[in-house]
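First to last, the sequence lines map onto chains A and B.
Offset between the first sequence (1-based) and this note's numbering: plus 265.
Offset between the second sequence (1-based) and this note's numbering: plus 34.
Calculated directly from the structure, the hints in this document are not laboratory data.
Quantities reported herein were computed from a predicted structural model and do not represent experimental measurements.
Hints are not guaranteed to be accurate.
In silico DSSO-like cross-links for lysine-lysine, where the CA-CA straight-line distance does not exceed 27 Å [claimed, not checked]:
id, chain 1, residue 1, chain 2, residue 2
1, A, K281, A, K393
2, A, K393, B, K120
3, A, K393, A, K280
4, A, K280, A, K313
5, A, K375, B, K99
6, A, K280, A, K325
7, B, K99, B, K365
8, B, K349, A, K365
9, B, K346, A, K398
10, B, K349, A, K375
11, A, K375, A, K398
12, B, K365, B, K342
13, B, K260, B, K99
14, A, K393, B, K173
15, A, K375, B, K346
16, A, K375, A, K313
17, B, K120, B, K99
18, B, K349, B, K365
19, A, K398, A, K281
20, B, K346, B, K365
21, B, K173, B, K260
22, A, K398, B, K349
23, A, K398, A, K280
24, B, K342, B, K260
25, A, K398, B, K330
26, B, K330, B, K365
27, B, K365, A, K398
28, B, K49, B, K365
29, A, K393, A, K325
30, A, K325, A, K313
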Amino acid sequence: MVSGLINANPVVYEKKERRVRSAPSDADEYAVESIDQQEVFDHIRDIKDPEHPYSLEELKVISEDAIEVDDHRSYVRVTFTPTVEHCTMATIIGLCLRVKLIRSLPSRYKVDIRVAPGTHSTEAAVNKQLNDKERVAAALENPNLLDMVDECLAPSYE
Amino acid sequence: MELEDGRFELREIQKLEGHTDRVWSLAWNPVTGVAGIPYVFASCSGDKTVRIWEQSPSTASWECKAVLEDTHTRTVRSCAWSPSGKLLATGSFDATTAIWENVGGDYECVSTLEGHENEVKSVSWNASGTLLATCARDKTVWIWEGEQGNEFDCVAVLQGHTQDVKMVQWHPTMDILFSCSYDNTIKVWADEGGDDDWACVQTLGEPNNGHSSTVWALSFNHSGDKMVTCSDDLTLKIWGVDTISAQSANGYAPWRHLCTISGYHDRTIFSVHWSREDIIASGAADDAIRFFVENKDKDGLVDGPLYKLLMKEEKAHDMDVNSVQWSPGEKRLLASASDDGTIKIWELAPVSC
């Protein structure tokens, strides 16, 4: 069988159970709510892979452990693992992660996105592009790219 | 008063709102703020517009006098006034550069420069206003010559950078062009034959103590014998040239690394601007604005740092600072543009006791 897909047969993993976020009953509703690893993971776990009908969580492209949050410094770093080493979709996945976090987190947050060290053949080039906000801004003005990103971010109906 | 002895504070004079997306860049009109002419500057944004701001002589507050829209179809990344202050050039992600003329208070687009394959990232006029340089993600730098009737002809397409070119800047007195890039280098271009025979005469890269990541911006001191560059590698670098040999060599002499200012910024430094009084302002993705001056008191240490931090404004904006620009004229005014969609006007003033 000839397949046009980069990774025709990805390994699909089970989804993690969704934990209910516990809020203390005496919480001050006006207090600034701090953001943690789990919340950031919840924002991005359902992003669809650009090639497959699976989420980034199901393909283990992202995991809760690979998210670093420093709420005090308003800083998040997401490290993702492309399913194959030469995955040309890595920049699209990174773009999806960035756009989802821009839309979900307060604007005070600084976000770095990177591929896990040693998991991609052009790791440095991918990381550099994903963290150059001018390149990201230009990419998001490209209707074709934006369509791809929006497709991946669209809510799934299970 | 010696700058390095005094204590300074940065006063926020005004916050200007109006752009509906991040503000990428701004440019002061060079002939304003002197001889009773009110200050004017232009700003450009991800909202695809350019705004012209003017200080009211009566209230001293800045107001938006014009919104230049419906010309660029994508982000306007860069803007620059010609030295006479009569023309404004704007470079856009739509791959074009527009030339605007102020006709009785209205700004008309009098020319559109097409040729770049994709996003134009920076525009710069030479000292005499006869040449305009543009650069783009297509890795090229173009030099345009202004003709009669607002016609612009491309006289050179400069190839050499291996990645997108972030900024072009002419030397303040000589027709030597500088460009900096995502390929981590700064290139120097000169017209060697004097007949639009433009070529790269020097590349300042990592082997020459240069930057190890994207170089975002550069700025010259008043006399043009020093240049500062800023980068994604979180450093500022000062470069120098021997002006006497530059003059005898008809313009070009090699630039060399003088020092690296590191350890101050936490995130990418997007903008740097050198004032007439030799205060270097920098704006970065850590939302802060910093000021550096030459360190004249090195405590007798020969190897002491050549530049030191004068002061920093920690939360200058709510988001990344994309551009910092000193005003023309006598006042120590600085304008800053940010991802938060605002522009701020600041005055750097001695602390009053």
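Q) Taking only the CA atoms, is the gap from K346/B to K398/A under or equal to 27 Å? A) OK: K346/B and K398/A at ~24 Å, within 27 Å.
Q: Please work out if K393/A and K280/A have their alpha carbons no farther apart than 27 Å.
A: 30 Å, violated
Q | Satisfaction of hint between K313/A and K325/A, Cα-Cα up to 27 Å | A | 12 Å, holds
(Q) For a C-alpha distance cap of 27 Å, please report whether K49/B and K365/B respect it. (A) Between K49/B and K365/B the Cα gap is close to 18 Å, so the pair holds against 27 Å.
Q | Given pair status - K99/B, K260/B, alpha carbons within 27 Å | A | It is violated: about 36 Å lies between the C-alpha atoms, which goes past 27 Å.
Q. Given the proposed pairing of K398/A with K330/B, does the C-alpha separation stay at or below 27 Å?
A. Violated. K398/A to K330/B sits at ~37 Å, over the 27 Å cutoff.
Q) Are K398/A and K281/A close enough, with their CA atoms no more than 27 Å apart? A) 32 Å, violated
Q: Starting from K280/A, check that the Cα of K313/A is at most 27 Å away, please.
A: OK: K280/A and K313/A at ~13 Å, within 27 Å.
Q | Pair hint K398/A and K349/B, alpha-carbon separation not exceeding 27 Å | A | 20 Å, holds
Q. Hey, K120/B versus K99/B, does the alpha-carbon distance stay inside 27 Å?
A. Holds, because 16 Å separates the two Cα atoms, which is no more than 27 Å.
Q.
Check the hint pairing K349/B with K375/A against an upper bound of 27 Å on the C-alpha distance.
A. Measuring from Cα to Cα gives roughly 14 Å; hence the hint holds.
Q.
Holds or violated: K346/B and K365/B, Cα atoms, limit 27 Å.
A. Status holds; Cα separation ~19 Å.
Of the hints listed earlier, those the structure fails to meet are numbers 1, 2, 3, 5, 13, 19, 23, 25 and 27, in rising order.
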